[in-house]
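Chains as they are written, first to last, in the UniProt record's numbering: chain A, 1 to 101; chain B, 1 to 472; chain C, 1 to 267.
Because the hints were derived from the structure by calculation, they are not lab data. Everything numeric in this text was worked out from a predicted model, so none of it was measured. Each hint should be verified, as a subset may be incorrect.
Stated by the list, open to error - To be clear about the criterion: a stretch of chain C counts as covered by chain A if any three or more of its residues have a C-beta under 8 Å from a C-beta of chain A, and this derived list gives those stretches:
(1) 205–219
(2) 223–231
Unchecked claim - Derived coverage of chain C by chain B (criterion: at least 3 residues anywhere in the stretch with Cβ under 8 Å from a Cβ of chain B; other residues may be distant):
(3) 107–113
(4) 190–196
Claimed, not checked - Lysine to aspartate or glutamate pairs mimicking EDC-like chemistry, simulated, CA-CA at most 20 Å apart:
(5) A/Lys41 / B/Glu395
(6) B/Lys191 / B/Asp355
(7) A/Lys42 / B/Glu204
No residue lacks a Cβ here, since even glycine has one placed at the ideal position from N, Cα and C.
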Amino acid sequence: MDNHNWRYPTVQKRWERAPWQQQQTPPLSLTLAELAQYNGKKGMPAYIAVDGVIYDVTMEAAWAAASHFSLRAGQDLSGPYRACHRGQGILARLKVVGQLR
Amino acid sequence: MPSTRVTLNPVTRISGFMAIHVTIEHHQVTAAQTEGMLFRGFEQMLIGRQPWDAVYFTQRICGICSAAHSTASTLALENAMNLTPSEQGRYLRDIIHGCEFLQNHIRHFYQYTVPDYVRMPQEVPLFQSSYGDFRLPTAVNDQLIRHYFASLPVSRAAHEMIAILGGKAPHNHGIFVGGITTEATVDKIMKIRSLLAGIRLFIETVMIADAETIARYYPEYFHLGRGYGRLLSFGCFDNYPVTGTLYVDPSLYRADRIESFDPARITEEIEHSRYTGAPVAYQPLESMTTDAIDKPAAYSWIKAARYQGQPFETGPLARQWLSGAYRRGISAMDRTIARVREALTIARIIENLLDRLEPADTMQTAYSLPQQATGQGLIDTTRGALGHWLKIADEKLSFYQVITPSVWNLSSQGNDGQPGTGEAALIGTPIQDPTQPVELGRIIRSFDPCVSCATHVFMPGRKAPVTEVIVP
Amino acid sequence: MTTLTQAKPNLLWLELTGCSGNIISLLDGAHPGFIDLVTSLVNFRYNNSLSAGESSDAMDQLLATLGTDFILIVEGAVATKANGRYTVIGSVQGKPLTALEALRLLGAQARHIVAVGSCATHGGMSAAAPNPSGCISVQQAVGRPVIQLPGCPCHPDWILGTLTALLEHGSLELDERHRPRLFYGNLIHDRCPRRSFFDQGIFARRLGESTCLFKLGCRGPVTRTDCPTRQWNQYVNWPVEDNTPCIGCAQFGFPDQMEPFISYDIT
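Please put together the full structure from these sequences, using the hints given.
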């Protein structure tokens, strides 16, 4: 099945301009409770975790309003990811920002 | 003579599904029940959703009057937020709402009402009639058939006007908290003016004349379908801070008197509709009912809206009457005449509002929600009085109540057993031929019933989690 | 219209559990429109909003179509709670005919079934959580593939374009989810006139701004329709051009999975 995410290399370029990407920051190490703060609202970026790795979806086109098919940012979405996008290679195109602790 | 029980199911040419059950004795209707046959439960669905989304969500209650629900829902949200839209914002929102009136009235008259009185081309299966009581001379009949088709580009143009300011129709995106979402730039306004001029010309020169032609050949319908003769309006195109009232203020008519209207006197009663809850009569903001399809004594999905315990009629005739524009009488034919005349009233009001527009920047801002709030949005719309009531808790909807015009006009019996407005309009009607009860559909359609709108329930509880994920 | 090479089939348009907004949208179509449908394309036999006949006569028009060559257009979802008694569309010999029964009866015999609008294609609004009337999609209810035309409402061109293709060619190209590629082939985001704002990171922070509506919740990146190029109501406008986000009304999963429709204060 074709997928929208990989089509947008220009979106990835914009990560560099996002405020939290302007300085080089060390990889994050977050608990699930800490991840929940990265809900994409009120200045916080939108992060999601899949299989222990935390990804930035703040500028992902399919994550408008930090939400994606009733899923919300700030959560571990390993289960939904496997159920829906397994084998589609989407994760490789997302910006990694850290790991779940 | 034995009594005959007659059921019309479905009553076609309305929005949604409805049946009429009557008892006929000595060629007269002695008992009547109107049954709404569709239930969806919008209020239940709205619990737990984001309050802003109600504006677009509730439009889906009704495909033929969606702008009405976005208007009422927006008013309820503004009330909860303690926000007053600008006068210009109200003008623009009311222009969109007015266009929905035009679309509705033109379609209700030509596509829903005309086939009751005009023999449509019988070679088209869709147009085959059930009855033989057609009285127009051939040339006149043929002309009205042509107008049935000629009306289509006109009603379409009314929705085009909505799209210019609201993105699309049905289910526009333009009406929103604060006013509308787009600027009324000169190119949009000139396009709307041009479309409106064509619509107005059609209403003035064709539609009103067609209604009067029908009235001339079916004069007894000025004496049929009166009902209680009590009329109610929540007001519309009214109380602009600068301009005042252009159409009708919230008001009611009963016992030969016009009275002011008090929203605290509205109740819903559920004894004879398919819901359970306590109490069985309640004010809009205290409802706690749930669907109960097999409840004894219940015969409809439509509840009974009451004002001080009394059933009322609402809609174009009520508004024309209360505003003083038309007071010939209250009957099936008067409803149809009032509807086409109101189309002209609304076209003129839209022209008036267009003249008052000033160039302005967007009226939108990044809104924030109150933690806890209650709001009500009461407005008269195409079919009559429409109310949305909502509560917000923790920035989510915790309660939603909708009372639509058809819950007034097509209400089930009250808890006291008193028939609803449409039922009362049928009772007493002389039926020429009980095997061809053409009178029933003509009377009930004069109310422009909308069963899609009349769906009600509130049930406590959060919405179920959705886990399925779909790739676009 | 071009002259059709085949004899005109019958057409039934069922309204089931929904708002009857798709038949209204059909009336908003211009070229072709309802006039063409009635006078030249098909033998239009039944629709609850438009049938001149009422009660048993209307039901007869509906049921007498069984055994003939007919196309079935369905709008609305299919209520299943209490054996479907939450939506009754008429009665046959004194017994209520539920939406569920009518659809199964007619769906088994139709030459084509076209599900029009999001309630018909996947339950849509009528099936919104907690789905009080137990609504399912047309395809689930009939158990055979149907042509899917999602949208809330469906655009009149999508309906009549699909119907014309079926009449003239007997088929049309569908994607893996049974949507005609002609109308649902591209993501809205890919054809959006505001795409350059997205690519530059210029986002609206409130409704009414003329830049990219991504941060307000636009579902254009996950919704396939030709809204940006075709537009609505005589092709004058569409929601994004009205400075509001696409709410994904034509995406499977609408409304629940397309919410929130509008959000503020998104980073």
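Outcome of the hint check:
1. 205–219: Held - the stretch 205–219 of chain C has 6 residues with a Cβ nearer than 8 Å to chain A, which meets the minimum of three.
2. 223–231: Per the Cβ count (0), the hint is violated.
3. 107–113: violated (count 0)
4. 190–196: violated (count 0)
5. A/Lys41 / B/Glu395: holds, 14 Å
6. B/Lys191 / B/Asp355: holds, 14 Å
7. A/Lys42 / B/Glu204: violated, 54 Å
The earlier numbered hints that this structure contradicts are 2, 3, 4, 7.
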